[in-house]
Structure formats: C-alpha cells, structure tokens
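*Asks:* Start from the sequences and build out the full structure, keeping to the hints where you can.
The sequence shown begins at 600 in the numbering used here and counts up one residue at a time.
Honestly, the hints are just simulated from the structure, not real lab data.
There's no promise every hint is true.
Unchecked claim - Simulated crosslink set (DMTMM-like; lysine to aspartate or glutamate; CA at most 20 Å straight-line):
no., residue 1, residue 2
1, K949, E938
2, K936, E768
3, K931, D920
4, K736, E768
5, K664, D638
Claimed, not checked - Restraint ranges, calculated between C-beta atoms of paired labels, are given here:
no., residue 1, residue 2, range
6, S873, G820, 36 to 42 Å
7, T960, R798, 48 to 54 Å
8, E763, T960, 23 to 29 Å
9, I902, D739, 26 to 32 Å
10, D799, R743, 55 to 61 Å
11, M727, S873, 29 to 35 Å
12, P848, T921, 28 to 34 Å
13, K736, P848, 17 to 23 Å
14, T959, G663, 51 to 57 Å
15, L955, V719, 50 to 56 Å
16, G755, S873, 40 to 46 Å
For glycine and all other residues, C-beta sits at the position ideal for the given N, C-alpha and C.
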Amino acid sequence: MLSPKLFVDTLAAQGMDFYAGVPDSLLKYMCAYIADHLDTCHNVIAANEGAAVALAAGYHLATGKTGVVYMQNSVEGNAINPLASLVDGDAYAIPVLLLIGWRGRPGVHDEPQHGKQGKVTTGLLNVMGIDYDVLSKDSDTAVRQIAKAASVLHSGRVYALVIEKDTFEPYTLQHTEENRLTLSREQAIQMVAGAVGPRDAIVSTTGMTSRELFEYRASRGESHERDFLTVGSMGHASQIALGIALQQPDRRVWCFDGDGATIMHMGSLAIVASKHPANLVHTIFNNGAHDSVGGQPTEGLYIDIPAIACAVGYADVYSVDTEQTLADTLAKIKDLKPEGPVLLEVKVRKGNRKDLGRPTTTPIENKQALIHFLSE
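*Replies:* Okay, structure coming up:
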C-alpha cells in the first residue's frame, strides 16, 4: 500500500499543496493526513465537489499553481459542470488534479448504489477528455504517475488519479474536534422514528442515518415499508421527501437528513419552504462531521441551521441537543398544525456502533415496499 505521507510529499514536490473536496471512505487516510499537516487555507472541505473544482480554479488564479480536488466517484457528476465549462481547455484552461475514489469498480464487491457509477467512472473522464491513471499501490510506480500527471497539468489541462480500495496505508487523524453532546445519532433516530404516526413516511439520507434507521426497524421486528433509504444521492433526501409530501398532503412525511448532506445542497431548503408543505418535517441530525467516510468536520455545528430555515420560510423551527428536549419537542410537533414545513435540528455526538449493519433489502425492494405503503 501507499504511504499518505509519501503521496502528499510527492505532490508537494511537484508544486501541488492546495486541496479541496468532499471526503471519501477510500481516501480517508489521505484526507486524515492532509487534515493534520495542512492549514485550513490549504485544505478546504467543500460543500460539494463542483464547489471544490471552483475553489481550485480560484487558487490557480491567485497563485498560478495547480489545486488538488478529492472526491468519491459516486458524486463525480457534481463536478461535471465546472470541469466542462470552467477549467476545461475550451474554456479557461485551468489545471486541476482530480483524486477520485473508485467505489463500485467492476469485479469488486460493493454496495448496490455504487454499481452504475463504478461502471462509468472512467467513461465519464474519457467523454470529458480528461486523461487519467489508476493510482498504483507501489510507491515507485505512484511517484512516476504523479510526475506524468504534473507534465500534463503544466499544459493547462485537467488530470485524474483514480484510486481503488486499500490503496493508502492506514493513518489515524491526530487532531480531532470532539463535541460534548450527549445524545447519540442512533438514539435520536430511534426516538424520532418511534414518534412518527402509523401513516407517516420517512425519507432518510445516505450513510449511517439510513443504516441506523434500518437496524432500528429490524431490532423491533417492524416492517421497513414506510422508510425510503436513500443509500446514494447525497444531499437530495429533502427533495425526495418534498416530492412525496406535495402529492400526498394528508400524509405526514419526515426527512431524516444530515448536516453534511444539508450543506451540500443547501439551496434545497429554499425550495422546500417555497412550496409550503405543512405535512413535511425536515429533521437534521447534526454532529458536525462526515461520519460515514472518516469523521472529517463539516460546518454544521458552526452555523445556525434553524435560523437559515426560518429565513427561507420554514413555518416552525426547533433545535434540541438532549434526550429530554427531543422528547418534549416531538410531543409538540405531534400536535402541531403548521402552515408550512417544520425543521427539527437534533445536535448529536460523533461516532457510531462498530457493528452497525447495512440494509438487507435491495433498493428495488425498498422502492416497491414504499410505493405499496403510499398507495394504501
């Protein structure tokens, strides 16, 4: 495997010491290393991958140097617009080095939501005219690949290093920010899920949130038919929930969201508010971290999400951080007759159970069960 230190030092020797991106589980050791060794002006955890490309463009305009953008391939599409219309040679010809974690590579077992993106990862690069290498796990070969990338980047082009599972040696993040919150996300999810009505539907975001919701149902022997587990499409759970809520106004719909997912497409808050769905409860479990991919920080606990929701037009907003205040607020929401969407922020501590399982139903089975539930 490849040492994160060697990799980062080799890029630095080629003049590349600015990073922007959204953390990925395949890149978590590299992300942890740069978090420990670069300041926040040289490592920016972006709202989304397209924004990261734009950050790299701004860095190049200010310094003349090449920025490095890291991402998971499942959200490669978020970056296509700025890659094609901003940094491309037919536009501004701004060099950017892409580091893309290759989830769902053909022939390698992975979760179903990564299957299609795994198949088209290199094809998308080909269509956009972006040359690439699959980063070697051998140090000497990797150094030569970086030198090759640098020669391409010097001509004002984009280049990609596609990174497989287990490419980097383990590295433990040294400088972590632990919040002092007492409520766990899993406990909070169980409380909220236990408070929903028998006709209510839940749309849960990708990552640990959907996994914890699934395990809650399984532990109680309950059906999963009312829950839509958004195992991919990070940041879009609120719009799925809105689509359901608008068409079934007599049914309460709960969106179980995360702080990283909310920040990724924060404009969706304004769209939810503009449609005034009085049957939508947007619940954001906020731990200030990208928990599913290594625990890298978000801005979730440094911004006032309820105030943002209130400003764009949510009818009622709440923020809680203890078991008792959550229980009291859920009781209040149960009897509430709002004039528009409700936002409930639940501040929780970082982390999850190490033995947390994954959904045992397929996405198709999940979809069909929910459609049947919603048709009743």
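*Asks:* Now, for every hint given, state plainly whether the structure supports it.
*Replies:* Outcome of the hint check:
Between K949 and E938, the direct Cα distance comes to roughly 33 Å. Violation of the 20 Å bound is thereby established for this hinted pair. Restraint check: the Cα-Cα separation between K936 and E768 comes to about 53 Å, which exceeds 20 Å; the hinted pair is violated. Distance check on the hinted pair: K931 and D920 sit about 16 Å apart at the alpha-carbon level, within 20 Å; holds. Proximity of K736 to E768 is assessed by CA-CA distance (about 9 Å); at most 20 Å being required, the pair is judged to hold.
Annotation: proposed proximity of K664 to D638 holds, straight-line Cα distance about 17 Å (limit 20 Å). Look at S873 against G820: about 40 Å separates their beta carbons, and that is inside 36 to 42 Å. Distance hint for T960 and R798: a CB-CB separation of about 21 Å, inconsistent with the stated range 48 to 54 Å. Hint check: E763 to T960, Cβ distance near 28 Å, so the stated range 23 to 29 Å holds.
The given range of 26 to 32 Å is broken by I902 and D739, whose C-beta atoms sit roughly 45 Å from each other. With their beta carbons about 57 Å apart, D799 and R743 fall inside the hinted range of 55 to 61 Å. One distance hint, 29 to 35 Å for the beta-carbon pair M727 and S873, holds here, with the actual separation near 34 Å. With their beta carbons about 33 Å apart, P848 and T921 fall inside the hinted range of 28 to 34 Å.
Checking the proposed 17 to 23 Å range against K736 and P848 shows it is violated: the Cβ atoms sit about 54 Å from each other. The hint said 51 to 57 Å for the Cβ distance between T959 and G663, and at roughly 52 Å that hint holds. Roughly 29 Å separates the CB atoms of L955 and V719, a value that falls outside the hinted 50 to 56 Å. In this structure the supplied range 40 to 46 Å holds for G755 paired with S873, their Cβ-Cβ distance being about 41 Å.
Comparing the model with each earlier hint shows violations of hints 1, 2, 7, 9, 13 and 15; every other hint is respected.
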